[in-house]
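**Student:** One letter stands for each residue in the lines below.
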Amino acid sequence: MRNKYSIFSLFKNALSYHENWQRAWKDPAPKKEYDAVIVGGGGHGLATAYYLAKKHNMQNIAVVEKGWIGGGNTGRNTTIIRSNYLWDASAGLYDHALKIWEGLSQELNYNVMFSQRGVMNLAHNLQDVRDLKRRTHANRLNGIDAVYLNTEEIKKFCPIINTSQDIRYPVLGGTLQRRAGTARHDAVAWGYARGADEMGVDIIQNCEVKGIKRNGDTVEGIETTKGFIKTKKIGVVAAGHSSVVANMAGLKLPLESKPLQALVSEPVKPIIDTVVMSNAVHAYVSQSDKGELVIGAGTDDYISYSQKGSHQIVEGTLNAILELYPIFSRMRMLRQWGGIVDICPDASPILSKTSIKGLYFNCGWGTGGFKATPGSGDLFAHTIANDEPHKLNAAFNLNRFVSGDLVDEHGAAAVAH
Amino acid sequence: MFLINCPYCGERDQQEFKAGGEAHIERPKQPTELSDDEWAEYLFMRKNIKGVQFERWNHAHGCRKWFNMVRDTSNDEIKAIYKIGEKPPTQ
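Top to bottom, those sequences are chains P and Z. Using the numbering used here, the first residue of the first sequence is number 524, and each one after it goes up by one. Using the numbering used here, the first residue of the second sequence is number 87, and each one after it goes up by one.
By construction, these hints were calculated from the structure, which means they are not laboratory data. Errors might be hidden in some of the hints.
[What the hints assert, rightly or not] Derived DSBU-like pairs (lysine-lysine); straight-line CA-CA distance at most 30 Å:
#: 1; chain 1: P; residue 1: LYS813; chain 2: P; residue 2: LYS679
#: 2; chain 1: P; residue 1: LYS589; chain 2: Z; residue 2: LYS133
#: 3; chain 1: P; residue 1: LYS775; chain 2: Z; residue 2: LYS165
#: 4; chain 1: P; residue 1: LYS753; chain 2: Z; residue 2: LYS133
#: 5; chain 1: P; residue 1: LYS831; chain 2: Z; residue 2: LYS115
#: 6; chain 1: P; residue 1: LYS736; chain 2: P; residue 2: LYS554
#: 7; chain 1: P; residue 1: LYS775; chain 2: Z; residue 2: LYS133
#: 8; chain 1: Z; residue 1: LYS133; chain 2: P; residue 2: LYS733
#: 9; chain 1: P; residue 1: LYS733; chain 2: P; residue 2: LYS589
#: 10; chain 1: P; residue 1: LYS749; chain 2: Z; residue 2: LYS136
#: 11; chain 1: P; residue 1: LYS876; chain 2: Z; residue 2: LYS136
#: 12; chain 1: Z; residue 1: LYS151; chain 2: P; residue 2: LYS876
#: 13; chain 1: Z; residue 1: LYS136; chain 2: P; residue 2: LYS831
#: 14; chain 1: P; residue 1: LYS736; chain 2: Z; residue 2: LYS133
#: 15; chain 1: P; residue 1: LYS831; chain 2: Z; residue 2: LYS165
#: 16; chain 1: P; residue 1: LYS656; chain 2: Z; residue 2: LYS133
#: 17; chain 1: P; residue 1: LYS577; chain 2: P; residue 2: LYS876
#: 18; chain 1: P; residue 1: LYS792; chain 2: P; residue 2: LYS813
#: 19; chain 1: P; residue 1: LYS775; chain 2: Z; residue 2: LYS115
#: 20; chain 1: P; residue 1: LYS749; chain 2: P; residue 2: LYS876
#: 21; chain 1: Z; residue 1: LYS133; chain 2: Z; residue 2: LYS169
#: 22; chain 1: P; residue 1: LYS733; chain 2: Z; residue 2: LYS169
#: 23; chain 1: Z; residue 1: LYS136; chain 2: P; residue 2: LYS736
#: 24; chain 1: P; residue 1: LYS756; chain 2: Z; residue 2: LYS133
#: 25; chain 1: P; residue 1: LYS755; chain 2: Z; residue 2: LYS115
#: 26; chain 1: Z; residue 1: LYS133; chain 2: P; residue 2: LYS755
#: 27; chain 1: P; residue 1: LYS792; chain 2: P; residue 2: LYS679
#: 28; chain 1: Z; residue 1: LYS136; chain 2: P; residue 2: LYS753
#: 29; chain 1: Z; residue 1: LYS169; chain 2: Z; residue 2: LYS115
#: 30; chain 1: Z; residue 1: LYS151; chain 2: Z; residue 2: LYS169
#: 31; chain 1: Z; residue 1: LYS169; chain 2: P; residue 2: LYS775
[Stated by the list, open to error] Pairwise CB distance ranges, derived in the manner of DEER restraints:
#: 32; chain 1: P; residue 1: GLN582; chain 2: Z; residue 2: GLY148; range: 56 to 66 Å
#: 33; chain 1: Z; residue 1: ILE164; chain 2: P; residue 2: ARG853; range: 33 to 43 Å
#: 34; chain 1: P; residue 1: ASP550; chain 2: Z; residue 2: THR118; range: 54 to 64 Å
#: 35; chain 1: P; residue 1: GLN835; chain 2: Z; residue 2: GLU172; range: 26 to 36 Å
#: 36; chain 1: Z; residue 1: GLY148; chain 2: P; residue 2: ASN729; range: 38 to 48 Å
#: 37; chain 1: P; residue 1: GLU675; chain 2: Z; residue 2: ILE111; range: 46 to 56 Å
#: 38; chain 1: Z; residue 1: LEU129; chain 2: P; residue 2: SER529; range: 47 to 57 Å
#: 39; chain 1: P; residue 1: GLU911; chain 2: Z; residue 2: LEU120; range: 22 to 32 Å
#: 40; chain 1: Z; residue 1: SER160; chain 2: P; residue 2: ASP928; range: 27 to 37 Å
From the three backbone atoms N, C-alpha and C, an ideal C-beta is built for every residue, glycine too.
Start from the sequences, fold in the hints, and give me the full structure.
**Tutor:** Right, dumping it as C-alpha cells:
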C-alpha cells in the first residue's frame, strides 16, 4: 500500500530531510503477456491506463513509453484548459474533461495545481465579434459557462492589455470562461502514473515499439526494444508519432504531423492572473506559478518530425504579444522549443476503433490536447474495455472521414489551429 | 526554416513557399464511380512519413509555380527537387 501524500507525510519526511520518500511508481520489466497495452506514456496514455484499471477492472495492463513518462508533448504544451468549443460533440468531450479536472487533485491524491483563473479569447475584427458571440450562445446552450465581454470589461479583467483602438488589430471584445485555467502538466502525468501503478499497471519506460504483430485482421502483440509482448488489445496514444505506429500495422490515418512552438520568459513577479488567447493574431499568454510568461506560437505548415519550428512563427507571435502587451517589451525569453503535433483535417481528435480488431487509436489532438487529458483517458479506456465508444466520443471515430460527418472545429475553435 | 532551391527561381527562403503535402496522390480518373471508402482514402488518408517523403510545394511568394520535393521529415534535409510531371528520383 502506498503512503498517502498529506501535510502529515510532508512533516514526517521533513524529519528525515526528505530522503526517504517512497518511489511514486515501480520500474518493472515487461511481462510476456498483458490484457491490454497502451503505447505512449504521456498524460493521455497514463490516464487511459488509470481509468482502465480503476473503472473497468483491467489491472493486467502495461504502458510502454519510448522515452520517459511525461517527457513528450505532455511536458511541452502551454497547459491551458478550457471547454468553450462551438460544436455539441466537442463541447461534450472537452467539458467532460473539465469536470474531471475540477476534482482531479483530490482523486489522485496528487496536486496537479489546477487553477481556474479563467481563459479569455479576444476579438479583433467584426467577424471575430460575431463568431465569439455565437460561440458564447452555443456554449451556454450546452451548459458551459461563457460570457461575452466588451472592450472596457476586458481592460478591467486584465488591465495590462492594450485596448487602444488605434493599433493594427484593436481589441473589440472577447469571451471569458471562468471555469477554465491551467494546470501543472508534468504533475498530471506523474499523478496518473502513480495512481495507475498502485492499481498494478506496469509502466515500462525506455521501451520503444518497433512493430505491431497481426494475424489477419486481429492484433497479437507488439515488438519492442525490450522484446515481444503478447496482447489482444493495443491502445495507441502516440501524439505526433501516431502515423508512424499506424504504418507499422499497415494502416493510414488522416493526420499530418507538424512542429508547434512555445516559449517562456524569464520569471517575473505576478503580472497576469488569467490566460489570454487571441485567435486572429495568434498570440496566447499566461503566467506560470514560477513567474515565467508562457507563450504559445503557431505551427509550421509543412510536415516535419524535426522538433524544430521556424523562426518567423515565433517572431509573428511575439510581434502580436508586444502590440497587445507593450509592458512586456523588455522581457527576455528564456527558452523556446518545438513539439510535433498530429493534426486532423477537421482539427478534431480521433478516439476510435480501427479496421483491425483490438487496435485502438487516440490521436489527432493537434495543437490542443492537454486540456482534454482526463476526459480523453476516461473515454478511451471505455472504448478499449467495451470495444465500442462512449456516447461522448462516438462522434470522434475514424469512420467520420468516410461518412463525411466531420466535427469541423477548424475555424470555429477559440484559437487558430 | 530552411532554404529551398525553386526549380524556376533558384534558392530562396522557405518563408516564400507553401507546403502542399504528400505528392503523387493521383486524382481519381472516374470520380463518379468512387465508393465512400475510396473518397476518404483520396481526400484524407496520408502516409505522414517520418523519414524520406515525396511532397508538393508552391512558390507562393515568388513564381507561384508548383513543384515536387524529396525531403527527410525527421531532420528537414532536402534530398531532391523536381518539376511537376518529371519522373520522381529513385532513392
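**Student:** Look at each hint and say if it fits the structure.
**Tutor:** Now the hints, each set against the structure:
1. P/LYS813 to P/LYS679: Cα-Cα ~24 Å, so holds.
2. P/LYS589 to Z/LYS133: Given pair P/LYS589, Z/LYS133 holds - Cα atoms ~21 Å apart, limit 30 Å.
3. P/LYS775 to Z/LYS165: Holds - the C-alpha atoms of Z/LYS165 and P/LYS775 are around 24 Å apart, at most 30 Å.
4. P/LYS753 to Z/LYS133: 27 Å, holds
5. P/LYS831 to Z/LYS115: The given pair, whose Cα atoms are some 39 Å apart, is violated under the 30 Å limit.
6. P/LYS736 to P/LYS554: 17 Å, holds
7. P/LYS775 to Z/LYS133: 6 Å, holds
8. Z/LYS133 to P/LYS733: 17 Å, holds
9. P/LYS733 to P/LYS589: Given pair P/LYS733, P/LYS589 holds - Cα atoms ~10 Å apart, limit 30 Å.
10. P/LYS749 to Z/LYS136: OK: P/LYS749 and Z/LYS136 at ~22 Å, within 30 Å.
11. P/LYS876 to Z/LYS136: 23 Å, holds
12. Z/LYS151 to P/LYS876: 41 Å, violated
13. Z/LYS136 to P/LYS831: With Cα atoms ~14 Å apart, Z/LYS136 and P/LYS831 stay inside 30 Å; holds.
14. P/LYS736 to Z/LYS133: 19 Å, holds
15. P/LYS831 to Z/LYS165: With a Cα-Cα distance of about 18 Å, the restraint between P/LYS831 and Z/LYS165 holds, given a limit of 30 Å.
16. P/LYS656 to Z/LYS133: 39 Å, violated
17. P/LYS577 to P/LYS876: Given pair P/LYS577, P/LYS876 holds - Cα atoms ~21 Å apart, limit 30 Å.
18. P/LYS792 to P/LYS813: Distance of about 9 Å is within 30 Å: holds.
19. P/LYS775 to Z/LYS115: 22 Å, holds
20. P/LYS749 to P/LYS876: 26 Å, holds
21. Z/LYS133 to Z/LYS169: 22 Å, holds
22. P/LYS733 to Z/LYS169: At roughly 35 Å apart (the allowed maximum being 30 Å), Z/LYS169 and P/LYS733 break the hint.
23. Z/LYS136 to P/LYS736: Within the cut-off at roughly 20 Å; holds.
24. P/LYS756 to Z/LYS133: Given pair P/LYS756, Z/LYS133 holds - Cα atoms ~24 Å apart, limit 30 Å.
25. P/LYS755 to Z/LYS115: Violated, at about 40 Å.
26. Z/LYS133 to P/LYS755: 25 Å, holds
27. P/LYS792 to P/LYS679: 20 Å, holds
28. Z/LYS136 to P/LYS753: Between Z/LYS136 and P/LYS753 the Cα gap is close to 26 Å, so the pair holds against 30 Å.
29. Z/LYS169 to Z/LYS115: 22 Å, holds
30. Z/LYS151 to Z/LYS169: Answer holds: Z/LYS151 to Z/LYS169 is near 9 Å, not above 30 Å.
31. Z/LYS169 to P/LYS775: Holds - the C-alpha atoms of P/LYS775 and Z/LYS169 are around 27 Å apart, at most 30 Å.
32. P/GLN582 to Z/GLY148: 56 to 66 Å: The hint (56 to 66 Å, Cβ to Cβ) holds, given that P/GLN582 and Z/GLY148 are roughly 59 Å apart.
33. Z/ILE164 to P/ARG853: 33 to 43 Å: 38 Å, holds
34. P/ASP550 to Z/THR118: 54 to 64 Å: Given about 58 Å between the Cβ atoms, the range holds.
35. P/GLN835 to Z/GLU172: 26 to 36 Å: At roughly 30 Å between Cβ atoms, Z/GLU172 and P/GLN835 fall inside 26 to 36 Å, so the hint holds.
36. Z/GLY148 to P/ASN729: 38 to 48 Å: Because 46 Å falls inside the window, the suggested range holds.
37. P/GLU675 to Z/ILE111: 46 to 56 Å: This hint holds: roughly 51 Å between Cβ atoms.
38. Z/LEU129 to P/SER529: 47 to 57 Å: Cβ of Z/LEU129 to Cβ of P/SER529: about 54 Å, so the range 47 to 57 Å holds.
39. P/GLU911 to Z/LEU120: 22 to 32 Å: At 29 Å between Cβs, range holds.
40. Z/SER160 to P/ASP928: 27 to 37 Å: 34 Å, holds
Violation of the numbered hints given earlier is confined to hints 5, 12, 16, 22 and 25; the remaining hints are satisfied by the structure.
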